[in-house]
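Which chain is which? The protein sequence lines are L and C, in order.
According to the working numbering, the first sequence is numbered sequentially starting from 4.
According to the working numbering, the second sequence is numbered sequentially starting from 4.
Errors might be hidden in some of the hints.
The list treats identical chains as one, so a pair stands whether inside a single copy or across any two.
Claimed, not checked - Below, simulated DSS-like cross-link-like pairs (lysine-lysine); rule was C-alpha separation at most 30 Å, straight line: (1) 215 - 135; (2) 185 - 287; (3) 55 - 19; (4) 299 - 135.
By construction, these hints were calculated from the structure, which means they are not laboratory data.
Protein chains: 2
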Amino acid sequence: MANQIIAIDLGGTSAKCAFVRCDGHLLHQWTVPTDNREKGRFIVPALIDSIKAKIEEYKVDKHDILGIGMGTPGTVNVAKKTVKGAYNLNWIEDQEIGQAFEQAFNLPFYLDNDANVAALGEQWQGAGQQMKDIVMITLGTGVGGGIVIDNQLVHGISGAAGEFGHITVDPHSDQMCTCGKKGCLEAFASATGIVNMAEYFKDRLTSPSPLKTKMEAGETIDSKMIFDAAKNGDALGLKIIDQCAFYLALGCSHLINILNPGKIVIGGGVSQAGDFLLDRVREKADAYLFPPLREKAEIVLAQLGNEAGILGAAQIVNLAEGGYE
Amino acid sequence: MANQIIAIDLGGTSAKCAFVRCDGHLLHQWTVPTDNREKGRFIVPALIDSIKAKIEEYKVDKHDILGIGMGTPGTVNVAKKTVKGAYNLNWIEDQEIGQAFEQAFNLPFYLDNDANVAALGEQWQGAGQQMKDIVMITLGTGVGGGIVIDNQLVHGISGAAGEFGHITVDPHSDQMCTCGKKGCLEAFASATGIVNMAEYFKDRLTSPSPLKTKMEAGETIDSKMIFDAAKNGDALGLKIIDQCAFYLALGCSHLINILNPGKIVIGGGVSQAGDFLLDRVREKADAYLFPPLREKAEIVLAQLGNEAGILGAAQIVNLAEGGYE
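Build the full structure now, drawing on both the sequences and the hints.
Structure (structure tokens):
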């Protein structure tokens, strides 16, 4: 029986590709640069050519391949295997990804959103520890996520389930989100939101702060600098991280009170702040959790880093084709 | 092939029982009083005797029965078919419901929480219109609910998914909930919460209000009186309904932003206020919804009333036994 999967994690700069054994063991990995010129029309052909070459190079028998799984930015129609609105790829209108791969390889092909496949990867091989129900929150430039229930991804009726960045964590806030509304989790817990909060609080804070001094001298700051300042006891840095942790805790409490998952897995660039952030989130979340759920829901760091997407892309093939139980 | 199901919707005063055709058509309905004395030990035997008598009375061939489905208050272990913490039944510790029914009838038996089966009933035969993903919120003495994703109930890892009453909709509120924490949706949108808000606002409102006058004269009020006052333009009544609708809208927005369901179905006694309440909820929810989801998520009234539980109890048998596709 087929025992390996071709997995693709497509991003704006490059695609990570891999042969993955059905049990999750990574066999060979490589990357393909993403060329998004001319409405991204070179992206899929480049992936197909590269995979064909690797099948040759590693002398893989096609009968050993269970299928191809791919995670992509944008809004995915899982049934139709199409994607649109992947702006960093210049894929604005529907792209017939499934058709292209199925024609090229005559193998089963499955497509899902990149935040979703990362959640599935963590559930299968990472921080989710194969618990049947987990939620992953990805804190990057924006805030995204994915929901796994009974080992399956939740998509919702229009493929938008897991848009945790746009939970309104503060209906009274004036903090604008890129989506056009106010008080979104993304406005407080994304890398962008954290920097915006620094702008907001620097003029309102009277305590001395080296971070504030840097900003007033015109230095460009990023979220890592804010976390580093906070770790050094900087008043402005601590104020920002406190706000970020508060809203993240409230958002986590909503997810736990609604879904009763086994784990909330926190990933993405901002999560590199590690337990310095998560300890604050855990501490604050308790007050907002339904008491019987307080001990049931662990908030943990993601474990797989960049490999979550590749492994999740492999697992969507396993789940659909029954490759690994 | 078996074409009917025995469905039970157990409540604190009585159990509704029915023979239901696998397509959802109700054949015969009756009720059995709930005798919760002596730790509720008479409840299950009374149900079993009554069902046996009805099988005789209607001359039902046991081969025509696909199985027995039951909704119950309390915390259900779906796999073990046990329930505990059903305080209105005096079922504090684990009750072996499945064992008792399976021994008595030698038929497949399935058990789930009453709020869950009501959600499934509405999804199958009511306001959910068989959309694969819906959420139901029940506004009664408390606030409960159920989640249906891909036509299946979501239970979470400890059976507590759907505890919407304990979403913290206002982390800065002092309004206590029965669960021990503050700012729960239940404190603003349950019948109890609505009456408590009347107590809270009556001393803070300076406008004239017949409702306030009644309360000051010592009259006992209930949530229906508050809605009726609001419908007549009473300032206190309107203030309370406005708060209730605001928090309910925020809670609905969380559910929609997280799960992207086809419908949010609002049921329970408080929902009898109808569109007077729901129009306010819909209007307020928009501001908190991720813009691409604004047109996708309808907030609607439940349609099945008391029959939701019976039909949902039947549908859990269908889903498990493949009785109706």
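Consistency of the hints with the structure:
Taking the shortest alpha-carbon separations for residue 215 and residue 135, neither the intra-copy value of 45 Å nor the inter-copy value of 51 Å comes in at or below 30 Å. Taking CA atoms no more than 30 Å apart as the test, residue 185 paired with residue 287 passes in both settings, with 22 Å inside one copy and 14 Å between copies. In the homo-oligomer, the alpha carbons of residue 55 and residue 19 lie at most 30 Å apart inside one protomer (15 Å), although the nearest pairing across protomers, at 62 Å, exceeds that limit. In this assembly of identical chains, residue 299 and residue 135 lie within 30 Å of each other by CA distance both inside one copy and across copies; the values are 14 Å within and 28 Å between.
Violated hint: 1 only; the structure is consistent with all others.
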